Amino acid sequence: MAAEPTRPQTTALSELSARHRPTLDQALEAIRSRAYWSPHPEHPKAYGETAPADGLAAFEALRGTRLELDQPGTDGWTGGEVSPYGPELGVEYPHADVDVLLPAMKAGMAAWRDAGPEARAVVCIEILARISARTHEFAHAVMHTSGQAFMMAFQAGGPHAQDRGLEAVAYAYAEQTRVPGEAAWSKPQGKRDPLRLDKTFKAVPRGIALVIGCNTFPTWNGYPGLFASLATGNPVLVKPHPRAVLPLALTVQVARTVLAEAGFDPNLVALATERPGEGIAKTLAVRPEIKLIDYTGSTEFGDWLEANARQAQVYTEKAGVNTVVVDSTDDYKGMLANLAFSLSLYSGQMCTTPQNLLIPRDGIDTDAGRKTYDEVVADLAASVGGLLGDDARANALLGALVNPDVKARLEAAAGLGEVALASREVANPDFPGAVVRTPVMVKLDAAKSDDAAPYLSECFGPVSFAVAVDSTADALELLRRTVREKGAMTVGAYTTSADTERAVEEVCLEESAQLSLNLTGGVYVNQTAAFSDFHGSGGNPAANAALCDGAFVANRFRMVEVRRQA
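Residues in the sequence shown are numbered consecutively from 2, following my numbering.
For the record, the hints were derived by calculation from the structure and aren't laboratory data.
Here the structure is a predicted model, which means the values were calculated and not measured.
There's no promise every hint is true.
[Said to hold, decoys possible] Derived DEER-like restraints, expressed as beta-carbon distance ranges:
#1 482 x 334: 41 to 51 Å
#2 335 x 507: 20 to 30 Å
#3 482 x 182: 47 to 57 Å
#4 62 x 482: 44 to 54 Å
#5 26 x 302: 32 to 42 Å
#6 302 x 76: 19 to 29 Å
[What the hints assert, rightly or not] With a straight-line Cα cutoff of 30 Å, these simulated BS3-like cross-link-like pairs (lysine-lysine) come out:
#7 408 x 449
#8 200 x 292
#9 203 x 107
#10 372 x 449
#11 408 x 283
#12 283 x 487
#13 107 x 200
Beta carbons are placed, not taken as given, at the ideal position from N, Cα and C, and that holds for glycine.
Full structure from sequences and hints, please.
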């Protein structure tokens, strides 16, 4: 039998429960109602007058230092991050001997398991609360590792990421408490005494979870898996992308501090950084101690994980071909503005950015009259050009290209067809070393394409294809094909026809793709809201999991029953 918690641990957990149980209850209600809710402010001024300066100073103080974590098995230091905006970060991180670190991580599992779902949930919420208080600092860390513009790094890397983490905690708690902790069982036996058993049920973690971070959204994509695994009792080893270590290293540092203060082993959360060219993700992924893996990135490595990490439950988000079907609209100007923003945000470096715009070659009906294919493409190109015509606004929307591969794809795209919108270089006066480019849009014709057509594969970055199709029906068949073969994180459609709306919806239901219809205002196809929207579906090749639903957390633990004679 597990030892009773020590008094300091009991006191600490009681205080955390009193502080955070209301937040947990609100999160549970939010995932039930799907209404808007967030405990994390997304406006920079909400954090206090001095928060912006304090956050920048905290970030600058990290540069050129060693980030101490006091982890077992540290056998050296590594670093080398260079901001997409130009400056070297100069932060060094502990490099771990995993043969020492992994056993140390398992040592605290029993106490963490026995603490129960509520204790784990409130500890996780305290971690998120500490991170939230440092949102300005984290925003600079995300900006200078991902290339996001500051406001996007602040919102997506801060409150929106924290919301996704809390959402995972809520789902984890709900799934673990679906079964009662104990039950008295009695089966009548007629004239004989009934059969009686006392039964207990405990959520048991699978083992060490591995989070493989991505370059573009280290916190937003990292937090769901991290907190889903931790809240279900599993230790978590965080392996950041080598170009985006700092945001996740800071997260690990906060988590270790909170765990220790709550009376648990801080080694329940640890960091695994790699030396240049070391490639430890593959090595870690097949270790027998690793029982859960969360990964966001390329299809190639995601497929490798699913095929080779057979000892682990693997959750992947990979590449997809996001498509918008343009059939008709009653708000032509709003449609163009909405699409222009969606194509421009963060230089198209989002897994939800639309790539293929399927437009009937004979045009579409709009509130501004009939528009030909060429007119729609030209007007959309003009809308993007107008949106990004001012360099200051362009920098605020585009951010910087995250790596040279994106720049190479952007430059190569101009040779794939007729260029409807040429990319241009944008100077960033604050960061002369930043590589900032506006999107390119290329016109292609489905009737003149073969199986090697560029629009049949993902071209990650600020590249879109305006594809002429024979009809809306042909657009839907092409949509179905790309979702089925390549996957999609998002699908959009514009139509004034109820029949067409139903047809698009039917394709997305059959192929398990998330659909946005007729967005013309301030909500965009490449944005999702925690507690309400599902990110991905897990039902097409772009991802095998959704952020976040019961399936994302339920297989991270097993229920173990103990029966006793009453």
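Output the numbers, in ascending order, of every earlier hint that fails for this structure. Number 1 only.
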